[in-house]
Amino acid sequence: MPDEFMKISESLSTTQPFNVSDSPTLPTLQPKKNTVLISHGRPPWYSEDGHRISDAFVIGVAGGSGSGKTHVAREIIRKLGSVPTVTILSQDSFYKYLEPEEQALAHANKHDFDHPSALDLDLFSKCLADLKHCKQSNIPVYSFAQHQRLPEKKYLYGATIIIAEGIMALVDPALRDLYDLKVFVQCDSDLMLARRLRRDVKERGRDVNGILDQYLRYVKPSYDNFVRPTSKYADIIVPGSNNSVAIDLICTHIRQKFDERTNKFRPKIAIPHLHFTSLSGTSTLESVEDLDLTILPQTPQIQGILTILRDKTCPRQDFIFFSDRLSTILVEHAFQHLPYIPWTVTTPVGVDSTGKKLDAQYLCGVVIQRSGGALEKGFKRVINTVPLGSMLIQSDSKSAEPLLLQANLPLYVRLRHLAEDTYVFVLDAQIGTAAAAFMSIRVLLDHGIREDHIVFVTFLVARGGGVSILRQAFPLMKIVCAAVDETMQEGWLEGYKGEGNPEGVGRKVWLMKPGMGQIGDRYYL
Amino acid sequence: MASPTVPPPPPQPARSTNLNQVHLDPLPQSVFTLPQTAQLEALYTIIRNKETSRGDFLFYSDRIIRLLVEEGLNHLPVVAKTVETPTGAIYNGLAFEGKICGVSILRAGEAMEAGLREVCRSVRIGKILIQRDEETALPKLFYSKFPQDIASRYVLLLDPMLATGGSAMKAVEVLKEHGVPEERIIFINLVAAPEGLKAFCTKFPTLKVITGWIDEGLNDKAYIIPGLGDFGERRYCV
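Going line by line, the protein sequences match chains A and B.
Under the UniProt record's numbering, the first residue of the first sequence carries the number 1, and numbering increases by one thereafter.
Under the UniProt record's numbering, the first residue of the second sequence carries the number 1, and numbering increases by one thereafter.
Please keep in mind that the hints were generated in silico from the structure rather than gathered at the bench.
A couple of the hints might just be wrong.
Derived lysine-lysine pairs resembling PhoX-like cross-links, with alpha carbons at most 25 Å apart [as the list claims (entries may be wrong)]:
no.	chain 1	residue 1	chain 2	residue 2
1	A	K513	B	K176
2	A	K110	A	K96
3	B	K99	A	K312
4	B	K170	B	K221
5	B	K208	B	K176
6	B	K81	A	K312
7	A	K356	B	K50
8	B	K203	B	K127
9	A	K79	A	K257
10	B	K140	B	K99
11	B	K221	A	K357
12	A	K153	A	K96
13	A	K377	A	K312
14	A	K202	A	K132
15	B	K140	B	K50
As the structure is a prediction and not an experimental result, all values here were calculated from the model.
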């Protein structure tokens with residue numbers, strides 16, 4: 001993957017420079033340490049049964065202050081090239097909450113930040129374990145300017161490779177257990193001191209005496225007592241300079257581990273009866289009843305709307321209008337899957353009336369871009385006060401595998417303790433190969449959303465398509481649709497020359513019959 | 001091309017188990033109600049609550065009105081139509097037949113126009129104002145304005161509250177005078193009192209009524225119990 005396709009999104013405000021008390025207003029020059037890199041999207045990390053097949057690959061990078069840990073981490077990412085998503089997790093985020101007196105010491109430069117007890121290593125390993133197991137994590141944010149852990153948290157999710165770096169990265173046994181590869185960056189003490197001096201003077205504007213004082217009092221003893229001994233746990237010792245050969249070796253190793261984890265997913269589930277036996281053990285297609293779909297009552301109006309939408313001569317303005325109308329009815333219909341409790345109110349006439357009340361503590365929607373956007377208007381007509389997130393899932397132009405390019409999720413989903421009580425409406429135009437549906441459900445489950453709290457709302461479901469595998473993997477989720485189409489047909493899409501596909505190679509596509517065509521194109525283009 | 005295998009269309013009269021029958025049993029043949037779901041009950045509970053803010057009242061009553069209009073449209077005729085889909089397949093579907101227009105009974109009926117237009121884009125809407133004559137205490141026509149060709153259209157008559165049914169019955173009479181046959185009128189209504197509904201259906205047995213909820217009855221001031229207060233007042237003024 002050429003470099004121009006690599007999008008780098010820096011973390012928001014995670015690590016402020018190490019400002020000392022006598023110069024608190026210095027500009028922030030240090031590169032942000034916690035970084036999320038996204039290249040061409042994340043391929044499936046689960047198998048057809050809905051279970052996760054691989055953890056994220058975790059690399060621990062330790063070494064003395066100024067040994068070049070950050071440099072090594074960034075070089076690994078650069079040389080790996082087309083890795084899906086990488087998160088660099090810095091130990092700096094996990095400094096403990098400081099009591100007022102400790103904070104005063106810190107501002108006077110007399111708090112020992114180089115001792116393992118300054119770090120919340122339990123929280124570090126808990127966050128890293130969540131990320132490794134493909135869950136979300138909300139990591140703390142530490143401000144060096146205020147010498148305090150800030151009230152906000154930073155949300156991380158979806159990394160395929162995680163690099164945990166910090167001087168104490170190999171100290172804690174719980175942390176060490178999480179690493180797939182342990183790296184220690186070995187560097188001469190005088191080189192490290194020289195780098196530290198130059199960095200602190202140039203970038204942090206501190207005076208040489210102060211730096212040396214701190215070095216002798218905290219940094220050097222800490223390195224000798226805690227950091228250097230952990231080099232014995234490392235799988236690889238990387239020199240702190242001229243280390244490109246060592247980094248090449250590491251990258252080769254990671255690539256090999258990655259190839260072992262690849263799962264060709266979509267071709268298998270697209271037309272399942274070609275590859276799998278059905279739920280009932282026979283090779284016939286699933287019956288509609290087995291799929292447990294909630295289908296709109298086929299009233300004259302619904303059939304009329306579907307006829308208009310399926311007609312290839314339908315003008316765009318009609319397509320938009322009737323999509324909006326159909327999605328409104330669908331979302332209304334989907335509401336039956338939410339819980340209700342009795343509720344008594346007083347009417348303006350002064351009489352009590354016992355009715356019902358929605359009993360879902362948290363409710364939100366997630367649109368699968370692009371074609372799921374065709375249901376957004378209907379969703380907002382029915383629910384106007386809840387968050388509506390989105391996921392961008394696209395097919396790889398060569399392999400046709402679904403790739404998660406972006407997950408922009410509501411707060412209820414991001415925070416695990418709320419996710420358990422949250423109901424999510426997932427909106428997508430159709431379930432054909434079910435690859436995008438599969439991925440979106442997996443993302444929600446990773447976040448701790450209960451499977452029976454997921455309501456998938458869609459126009460069309462292809463009975464011969466991936467829905468039977470989807471249903472088998474997620475028996476408790478609800479699927480609400482307007483109609484069920486009979487077949488999926490394999491086709492061939494001539495590739496167009498473009499991003500990531502310079503030769504214009506064609507690929508397999510799957511068409512729903514009779515279907516509605518490319519709903520996203522018809523709604524938006 | 002085989003048409004999709006889906007359950008047969010339930011025509012939605014929902015007569016078998018219907019909460020509405022608690023207050024009117026049996027339902028007149030021409031009365032159709034929405035499926036009695038917990039969610040519909042929850043919507044009604046919100047708009048019945050006198051504590052509900054005007055914004056919520058607007059939003060949730062619009063949701064019910066949309067459901068009512070969708071249900072009302074199901075009683076319009078359709079014809080078979082075959083189309084070719086973008087994937088090249090043939091689909092045997094249905095096409096809508098016949099022209100429609102809305103007629104709202106002022107003032108509360110106007111509140112249903114937005115919901116109607118969301119479902120039927122740029123539909124023509126006539127208006128009718130009926131008030132009680134102070135001398136005779138009978139409903140009297142004060143004003144009406146209809147599309148010129150109303151006699152050739154299906155008419156969706158809009159009035160959210162049906163109490164004694166006096167003004168609704170007067171409105172139907174006016175429409176009939178303009179040449180609209182009774183069976184081409186569909187009355188769309190949010191809350192009905194059993195007394196009024198019975199009188200209305202007895203007088204116009206072939207006119208279809210789509211009502212969202214049938215309440216207990218009327219009090220001595222002819223307010224619907226439990227009802228939801230004055231719909232127009234809550235929608236526009238309070």
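Non-conforming hints, listed in increasing numerical order: 1, 10, 11, 14 and 15
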